[in-house]
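Q: So the sequence lines, in the order shown, correspond to chains A and B. Mapped onto the numbering used here, the consecutive letters of the first sequence carry residue numbers 839 to 1161. Mapped onto the numbering used here, the consecutive letters of the second sequence carry residue numbers 839 to 1161.
If you're looking for bench data, these hints aren't it; they were derived computationally from the structure. Mixed in with the good hints there might be a few duds.
Derived pair list, reagent style DSSO-like, types lysine-lysine, alpha-carbon separation capped at 27 Å [to be verified]:
| no. | chain 1 | residue 1 | chain 2 | residue 2 |
| --- | --- | --- | --- | --- |
| 1 | A | K1064 | B | K924 |
| 2 | B | K924 | B | K1064 |
| 3 | B | K869 | A | K924 |
| 4 | B | K1064 | A | K924 |
| 5 | A | K1064 | A | K924 |
| 6 | B | K1064 | A | K1064 |
Selected chain B positions facing chain A (in silico; Cβ < 10 Å) [claimed, not checked]:
| no. | residue |
| --- | --- |
| 7 | T902 |
| 8 | V999 |
| 9 | R1003 |
| 10 | F1005 |
| 11 | S1050 |
| 12 | P1051 |
| 13 | L1052 |
| 14 | T1059 |
| 15 | M1068 |
| 16 | L1069 |
| 17 | I1070 |
Just so it is clear, the structure is predicted and the values come from calculations on it, not from any experiment. Note that the Cβ used here is the ideal one computed from N, Cα and C, for glycine as well.
2 protein chains.
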Amino acid sequence: MPDLAQRGGAARPGRIVSEDEARRELAASTKIGVALLAPGEAGYPPRLAGIEDAPPLLGVRGQTEALMRPMIAIVGSRNASGAGLKFAEQLARDLGDAGFVIASGLARGIDQAAHRASMGGGTIAVLAGGHDRIYPPEHEDLLFTLLAHGAAISEMPLGHVPRARDFPRRNRLISGVALGVAVIEAAHRSGSLITARMAAEQGREVFAVPGSPLDPRAAGTNDLIKQGAMLITEAADIINAVASIMERPIELPGREPDDVAAFDEPDSGDRARIIALLGPSPVGIDDLIRLSGARPAAVRTVLLELELAGRLERHGGGLVSLL
Amino acid sequence: MPDLAQRGGAARPGRIVSEDEARRELAASTKIGVALLAPGEAGYPPRLAGIEDAPPLLGVRGQTEALMRPMIAIVGSRNASGAGLKFAEQLARDLGDAGFVIASGLARGIDQAAHRASMGGGTIAVLAGGHDRIYPPEHEDLLFTLLAHGAAISEMPLGHVPRARDFPRRNRLISGVALGVAVIEAAHRSGSLITARMAAEQGREVFAVPGSPLDPRAAGTNDLIKQGAMLITEAADIINAVASIMERPIELPGREPDDVAAFDEPDSGDRARIIALLGPSPVGIDDLIRLSGARPAAVRTVLLELELAGRLERHGGGLVSLL
Chain A
839 MPDLAQRGGA
849 ARPGRIVSED
859 EARRELAAST
869 KIGVALLAPG
879 EAGYPPRLAG
889 IEDAPPLLGV
899 RGQTEALMRP
909 MIAIVGSRNA
919 SGAGLKFAEQ
929 LARDLGDAGF
939 VIASGLARGI
949 DQAAHRASMG
959 GGTIAVLAGG
969 HDRIYPPEHE
979 DLLFTLLAHG
989 AAISEMPLGH
999 VPRARDFPRR
1009 NRLISGVALG
1019 VAVIEAAHRS
1029 GSLITARMAA
1039 EQGREVFAVP
1049 GSPLDPRAAG
1059 TNDLIKQGAM
1069 LITEAADIIN
1079 AVASIMERPI
1089 ELPGREPDDV
1099 AAFDEPDSGD
1109 RARIIALLGP
1119 SPVGIDDLIR
1129 LSGARPAAVR
1139 TVLLELELAG
1149 RLERHGGGLV
1159 SLL
Chain B
839 MPDLAQRGGA
849 ARPGRIVSED
859 EARRELAAST
869 KIGVALLAPG
879 EAGYPPRLAG
889 IEDAPPLLGV
899 RGQTEALMRP
909 MIAIVGSRNA
919 SGAGLKFAEQ
929 LARDLGDAGF
939 VIASGLARGI
949 DQAAHRASMG
959 GGTIAVLAGG
969 HDRIYPPEHE
979 DLLFTLLAHG
989 AAISEMPLGH
999 VPRARDFPRR
1009 NRLISGVALG
1019 VAVIEAAHRS
1029 GSLITARMAA
1039 EQGREVFAVP
1049 GSPLDPRAAG
1059 TNDLIKQGAM
1069 LITEAADIIN
1079 AVASIMERPI
1089 ELPGREPDDV
1099 AAFDEPDSGD
1109 RARIIALLGP
1119 SPVGIDDLIR
1129 LSGARPAAVR
1139 TVLLELELAG
1149 RLERHGGGLV
1159 SLL
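Can you make the complete structure from the sequences, with help from the hints?
A: Following this line, the structure appears as structure tokens:
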């Protein structure tokens, strides 16, 4: 997994950014209304914080309260049938009426239908690029409408133009924020099936809408059902299935969900303590927060500074080390 | 469950038939090529013999060897879509190529498509009325074609015109002869769902073809999958699922599958011994066969004579008593 410096490097290849540049990046984010949040902070989707490779920083724009509510992801073909689009709209609307926020990927087809129909109940666009690099470009209007009724999230820095390989990576966030993922119309080997696989790996419910064996747009969803996904034909199927999950507390081992301080600057003591705790051996971000006594927001800012300066390496499982 | 005298009474209400009339019934059956077979005899479908309410006598017409081979039932809407009919044909043909005989109900729609496409591999029509009362009447030609490539079976006496309530009763035989039942296009509360329920009660596999939630002809099959039926999109799904079942021996507790003597007349000693074993207390047919030392075919003939004479009562679980 590339670290943030590498990701920034995709837009500005070959450069190591300075601490000043890191500060300018933060300022530019703030300017277009993007808050950079760490797991455990208000606005960072609680269930996303629980996945193994949760983004250490998430750029959040729009109505952040929507990100704290129970979410269902709806994904499917860009090249959807009229019936598929109609079903996606109905499902999104009914789930919204039942109190669920809808997460999707802002793509053409099913994603677009799901976002449009969930404006009333709350809708979340999960982006593959930076917040200022909307894909597809013709959905910028949809995004701006959406921001009044929900939010957009991205783990990528400003200016990052999404590449093909960013979409599968992004898909883990679509499933990660949600209680479950509903797949509507997906051909064999489509991106929606990657989202479904990631959902299963994350312990999320996978829902699939069936279709005729003679319809290639149902081949992927029928396969998912064969592999154990739950067949759904209406919102009630999903609502009943997630009822028991919602009763369980969200598991965030090692994190302090009560500590939801707003973004602020670390003081020089925080910075010194955090850097002192870091070395060439990987250490958990949770441990850094606990051992430094600093707030999560402060730890996150220091790590971001180090990362943008090319001095930090991120490993799996929330571990970091100094370079 | 009505006994055979009552069933004969449906065509000839209010009459008790004599032993002579019973013999005439047997002669008439033989004349149109219908053999009356008891469980365990060659031509009586082995798996059917294992169900709780297996017909004590089954009228069999056509190529009886087809009834001894592994069968899959295909059922579905009379009012099927073009896609449903096409899928039924493909499924029946592919299962036939894989060595399976197809059982169905000779109805319009899916049944008809399944029979037509399985002429090559073997096809079985399970009738709700007597062998000389084909329903629907316009499928008499289909039946005659079918008899050259398979068989028709009925538990009803000659002359019995099928009534509405005979169809659900018949459906237990469709599932009973088969390893599993594939349901293709079924609306809510359709007859095919009765067959599926009986299949589940009999421990048969239930397979269902999915469809769009917006298609009412898929509502029943989608519901079946929600309830645990296996979603299928091709013959291979069924072939893989029944492979393990076929490796297990067929369980016929208390019966003697090796004793498959052909139909013949009981001698006077058989008849006397069997009648002596009967009384007002219910006794098992299996016990009658064992205790009388007569062949199953002989016991069956004597019981039929008694039944047609109004002197025998049948109870559940293969028990009979004298009236």
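Q: State for each hint whether it applies.
A: We went through each hint and held it up to the structure:
no.	hint	verdict
1	K1064/A <-> K924/B	holds (22 Å)
2	K924/B <-> K1064/B	holds (24 Å)
3	K869/B <-> K924/A	violated (60 Å)
4	K1064/B <-> K924/A	holds (22 Å)
5	K1064/A <-> K924/A	holds (24 Å)
6	K1064/B <-> K1064/A	holds (12 Å)
7	T902	violated (34 Å)
8	V999	violated (37 Å)
9	R1003	violated (31 Å)
10	F1005	violated (27 Å)
11	S1050	holds (5 Å)
12	P1051	holds (4 Å)
13	L1052	holds (5 Å)
14	T1059	holds (8 Å)
15	M1068	holds (8 Å)
16	L1069	holds (5 Å)
17	I1070	holds (8 Å)
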